[in-house]
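Residue numbers (my numbering), protein chains in the order written: chain F, 453 to 657; chain Y, 453 to 657.
To be clear, the hints were calculated from the coordinates, so they are not data collected in a lab. The structure displayed is predicted, hence computed values, not measured ones. Possibly wrong hints are sitting among the right ones.
Because identical chains cannot be distinguished in the list, a pair is counted as satisfied if it fits within a single copy or across any two copies.
Computed cross-link-like contacts, DSSO-like style, restricted to lysine-lysine with a CA-CA straight-line distance of at most 30 Å [as the list claims (entries may be wrong)]:
1. Lys470 <-> Lys558
2. Lys628 <-> Lys456
3. Lys637 <-> Lys561
4. Lys563 <-> Lys549
5. Lys549 <-> Lys470
6. Lys470 <-> Lys637
Number of protein chains: 2
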Amino acid sequence: MTDKFTVYLVDDDPGVLKALSRLLRAKGHDVKPYSSPQVFLEEHDVGVPGCAVLDVSMPGLDGLEIQRVLTVANGYHRPVVFVTGKSDIPTSVRAMKAGAIDFLTKPIKDKDLFEAVSRAEARDAESRRLHSELESMQAKVGTLTPREREVLTHVVAGRLNKQIAGDLGTVEKTIKVHRSRMMEKLGIRTVADLVRMAEKLNLSR
Amino acid sequence: MTDKFTVYLVDDDPGVLKALSRLLRAKGHDVKPYSSPQVFLEEHDVGVPGCAVLDVSMPGLDGLEIQRVLTVANGYHRPVVFVTGKSDIPTSVRAMKAGAIDFLTKPIKDKDLFEAVSRAEARDAESRRLHSELESMQAKVGTLTPREREVLTHVVAGRLNKQIAGDLGTVEKTIKVHRSRMMEKLGIRTVADLVRMAEKLNLSR
DNA sequence: CGTCGAGTTGGCCCTTGGGCCAATAGGTAC
DNA sequence: GTACCTATTGGCCCAAGGGCCAACTCGACG
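Please construct the entire structure, taking both the sequences and the accompanying hints into account.
Dropping the structure here:
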C-alpha cells in the first residue's frame, strides 16, 4: 500500500530476520535487516522516514535500550514496534510507556505486524510534518535581531506599540519599525498568524 | 502527600481489596472499594477527582471493558491503573494502548502502586484543569449570536473588517459592531487572546 | 399590538497600525 | 577606514480599529 517507507528490522535470529524481511518487502516496504543492534544504531539515519521493528531480547543491547537511544535524538521519536518470542508483562508495559507503537508476541500474525507498521508509518509522517514545520518557523525566527524578537513576544502578548515602547524604553515609532521588519522576515501578514506561530513555538513564555 | 483524591478500587478478591484499601488510605487517599464492577460503574461519578485501580480479570465485566466505558464519557478520561494476578502480554499491551496509566502484576510492590496512583493523580488534575478551562470558554462562545460567531472566525483568520464585511455581504460598520460585542461577551481585549482561545477550541476550522 | 433581541447602518472622532523617506549612532567585519 | 548591520527617531500620510449616539427592520413572544 505504500513505498519509500523504510523498516529497520533488528533481530539476532537470522531466520526471523529473513522471514519478516520477506513479509514486509512483499508489502512494499523498504526493509533494512540487522542482526546486530550495534550495527543498526551506527547505520541508522533519523532523516529517513521509517520505523524500527525490534526484537526485545538481544545480546548486548536489548530492544528497550535501543528504544531509549532512538528516542533521545532531537525531539523526533523514531516509531518502534517490538516483537518478542519470550518476554513478560513488565517489559511490555515499560515499552509501551516509552511510546512503543506495539509489542507483538511470537508467533506474530502478519496482520498484526502490518497494522503496527502502518500505524508507525502514520505517526512517523505526522511527526515529520510537524517537525519540519517547526524547523522552518524556527529558522525564520532565528533571522530576527534580538530587538525584533523582544518586540515579537510583546506583540504576541497583545500589547500596543505604545506600551511595548514604554517597556523597552524607547518610542512607538521605533517599535513600529522593528515590528514591521519582524513580520516581513517571518513572512507573516497578520497578527493572528503571528500568534499561532508563537503558540506552536512556545514563544509566549 | 495528598488528600481529597479518590481511588476507585475494583477487585473481586475481598482480600486484595482490603489490603490495597489499607495501603492507599494510609497514603492519604480517599478509597472507594468495590468487589463488583457493575456496582462500581453505577456509583462512579466522573465529577470526582480521582483514578480507578482495576483488577484485569473479573467475572462479568473485565478491567478492559470498564476502561472502555470510563473512556467513552465526554472527552474526559478517568485515569486507570490495572492490577493483575494472572494476565498476558497482549492484554497488557491493549490496556496501555487504551491509555492506562500502568499495568501492575501481583505481587504488587507498594512503591509501584503509589507511583502509578501519583501519576494518575497528576494526569487527572491536568485533564480537569484543561477541561474546565475549555468549558468556561465554550460557555462564553455559546452566548454569542450566530453572526458574532461568524465574525469571530473571520477575525481569527486574520481578515480585515472590510474583507469580512464583503464575505458576509454587509458593510464594515456592521462588522465593527458585531466584533466589539463579541469581544465584550468573551471578556477578551486583544486579538492575540482571541486567537489563542480559538486555537484551544479549534474554532479556526 | 407592543416589546425585545438580533442584525443593520450612518455619522463623528480618536487611537493604532503601518508604509515611505531620511538621518544618526555604535559596533563589527573585511 | 569603509561598508554593513542593528537600533533609533522624525515627519507625513493613509488605512484600520473601535467607542458613542441614534435609528431602522424583522421575527418571536406575550
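**Asked** What are the numbers of the hints that this structure violates, sorted from low to high?
**Response** 2, 3, 6
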